[in-house]
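Protein chains in written order, with numbering that gives the first Met the number 0: chain Z, 0 to 325; chain F, 0 to 209.
One or more of the hints may lead you astray.
Lysine-lysine pairs mimicking DSS-like chemistry, simulated, CA-CA at most 25 Å apart [to be verified]: (1) Z:K140 - F:K199; (2) Z:K251 - Z:K312; (3) Z:K13 - F:K139; (4) Z:K188 - Z:K140; (5) Z:K298 - Z:K251; (6) Z:K206 - Z:K298; (7) Z:K81 - Z:K251; (8) Z:K19 - F:K44; (9) F:K6 - F:K44.
Don't read these hints as lab results, they were simulated from the structure.
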Amino acid sequence: MPEIAIELDHVYKKFDGTDKASVEDVSLKVEQGDFVTVLGSSGCGKTTLLKLINRLYETTSGEIRYFGEPIGNLNPSIYRRKIGYVIQQVGLFPHRTVEQNIATVPKLLGWDESRKRTRVTELLSLVGLAPEIYRNRYPGKLSGGEQQRVGLARALAVNPSLLLMDEPFGAIDAITRRELQDEVLRIQKETNATVIFITHDVQEAFKLGNHVIIMNEGRIQQYATPYEIMINPANAFVAALVNAGSLFERLKVLRVDGILESYEGIPDDIISLHAGSSLADVLQAFLVSNVEYINIVDKQGETIGRVSFENLKQMMDMPESYDYSI
Amino acid sequence: MIDYLTKHYDKVLGLLLEHLEIVLFSVALSFVIAMLLVALIHRLKFLYPIVINFFNMCFSIPSLVLFTFLVPFSGLGTKSAIIATVIYNLCVLTRNILSGFDSVDHAVIEAAYGIGLTRWQTFLSVELPLALPIIITGIKLAFIMSVSLVVLATAIGAGGMGALLFDGMRTQNWNKVLIGMIVVTVMVFLFNMIFSLIEKWALRRATGQC
Numbered sequence: 000m001p002e003i004a005i006e007l008d009h010v011y012k013k014f015d016g017t018d019k020a021s022v023e024d025v026s027l028k029v030e031q032g033d034f035v036t037v038l039g040s041s042g043c044g045k046t047t048l049l050k051l052i053n054r055l056y057e058t059t060s061g062e063i064r065y066f067g068e069p070i071g072n073l074n075p076s077i078y079r080r081k082i083g084y085v086i087q088q089v090g091l092f093p094h095r096t097v098e099q100n101i102a103t104v105p106k107l108l109g110w111d112e113s114r115k116r117t118r119v120t121e122l123l124s125l126v127g128l129a130p131e132i133y134r135n136r137y138p139g140k141l142s143g144g145e146q147q148r149v150g151l152a153r154a155l156a157v158n159p160s161l162l163l164m165d166e167p168f169g170a171i172d173a174i175t176r177r178e179l180q181d182e183v184l185r186i187q188k189e190t191n192a193t194v195i196f197i198t199h200d201v202q203e204a205f206k207l208g209n210h211v212i213i214m215n216e217g218r219i220q221q222y223a224t225p226y227e228i229m230i231n232p233a234n235a236f237v238a239a240l241v242n243a244g245s246l247f248e249r250l251k252v253l254r255v256d257g258i259l260e261s262y263e264g265i266p267d268d269i270i271s272l273h274a275g276s277s278l279a280d281v282l283q284a285f286l287v288s289n290v291e292y293i294n295i296v297d298k299q300g301e302t303i304g305r306v307s308f309e310n311l312k313q314m315m316d317m318p319e320s321y322d323y324s325i
Numbered sequence: 000m001i002d003y004l005t006k007h008y009d010k011v012l013g014l015l016l017e018h019l020e021i022v023l024f025s026v027a028l029s030f031v032i033a034m035l036l037v038a039l040i041h042r043l044k045f046l047y048p049i050v051i052n053f054f055n056m057c058f059s060i061p062s063l064v065l066f067t068f069l070v071p072f073s074g075l076g077t078k079s080a081i082i083a084t085v086i087y088n089l090c091v092l093t094r095n096i097l098s099g100f101d102s103v104d105h106a107v108i109e110a111a112y113g114i115g116l117t118r119w120q121t122f123l124s125v126e127l128p129l130a131l132p133i134i135i136t137g138i139k140l141a142f143i144m145s146v147s148l149v150v151l152a153t154a155i156g157a158g159g160m161g162a163l164l165f166d167g168m169r170t171q172n173w174n175k176v177l178i179g180m181i182v183v184t185v186m187v188f189l190f191n192m193i194f195s196l197i198e199k200w201a202l203r204r205a206t207g208q209c
C-alpha cells in the first residue's frame, strides 16, 4: 500500500462576510505518486481547496494531514518549501532571471552556488528549455508557454513530494497546452511526485488524472477513476458536467490503458498505439485498418498489451436499448 | 554679482546648507512617517480612503496659509516650516508608496508565499524592489516640492535661500535676488536629475532589463 500523501478530514472553509462555506465537509485521501485532477466550474471551491492544502488559507474546521502530520503543526513557510505550487498567472519574479527564479527555494535552503547551478540546468532540461539559452533571461522576455515551463521548474526545484497546480495551462493556447500536458505527465512519471491538478476542462482532467475529483458548490460530487466517472456518474451533476451519456465524449476522454488485455509474446499485428491514446484513436485505427488486435505500447515502444474491437465495445458499456434519436 | 558672491560666499553657502538641511530633514522625516502610515493601512484597510482624503484636503491648502496657520501652534521659524513641509510631503509620499505596493502583481506575491518565502522575505526581496520605481518618483517629487516650500517659509522666519531672495527684493539688491534664484533653480535641477537616474535604474531592475 502506498503512503497517503495528503488526507483531508471533514474540512470546512468559510470566508468572513460570506454566508455560504466555500469548501464544505470535504474528506479525501491522495496516495503518494497519484495524479489527481480536480474538476469543477469557477466558484466551486477547487482553488480554495488547493490553498487550504498549502496553508495559503487556514481551515475553518477539520484537519489536513501531510504524510500523517497535521499541517497545522508545521511552520507554514518550511512546509510550503516541500510542496511545489504552480498557478495560472505563473507569478515569476520579473526582476529575477530565469535561473534566480528557479533557484529561489534552493537559495532559501542555503545550497551552494555549484549545486544550485547544476540543479537549474537539470530542471530547465526537464521542462524542455535549453539551459544555456534561457538561464540568464528575464521573465518579461519569455512567451506564456515558456513562462509556465519556468514556473513548473521553479516548483520542482527541491524535488517536492507534492505538486499543486491551479489551472496552470488555462491561459495558454491549445497547441502549447497539449504539449505542456504531455510534459507534465512525463515529469510526473519520472519524478513520481504526487500531483493535485485543478482544471475546469473536462478533457484535461481526464487526460491527466489517474483519479478525478469532481466538485460543485464546495462539495465533492465524485472521486473516482475517469472510467468510473464516465460509466457510473455519481449524480446528475456529474453526468451533465462530463456529458457521460454521450458516446463520443466517452471515446474522447477514456484512455485505452484501462481496457488492456494482457498479452505475452510477439504481437503479429502491425498497428501500435501509445498507452495514453484515447478510445477515439483506437476506434479510428480499427475503422481504417482491418486488424483483429491493436498493439498498445508504452513511451519506450515496449508492448504492454493489446486490445480487440470486442474490448472496445465492452469498455463503452452502452445500455442495451440505446436511444439513437436526436 | 560675481563681486557679491566673492565677498559674501560664506553667507550664501551658510544659507544654502541651512536650506538643504531643512529639506533633507523634512523629506527623511516624512518618508519614515509615510512608511509607518502605509504599514498601518496595510493592517487596517478601512484607513485607506480616510488617509488619502485627508492628505488630498491638506494638499489643497495654499502653502502660505498653512505656514501662517501653524504659527500660533509652533511659533515663527524653522519648526513651523518643517511641520508644513512634512505635511505636504506626506500627501505625495503616502500616495506613491501605496500605489507602488498596489502596482505589484498579486500573482507574484501569491507565488512567493506559495513556494515558501516568509512575510519578510516576500516584502524585502519581491514587493520592495518591484514597488521601488513608484516610491522613488514620490521621493523625487517630495524633494523638488520641499525646496520651493522652504523658500516660501522665509515668510514665517525660517532660514535658507528664501532669506536671501526676499531680502534682496525688499532692499532692491538684484545681486541677491539673482544669486538666490540661480542657486534654488540649480538645486531643483540637481535633485530632479539625481532622482530621475535612480528612478530609471529602479525601473530597469524591476522589469528585468539590467
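Contradicted hints - numbers only: Those not satisfied are hints 3, 4, 7 and 9.
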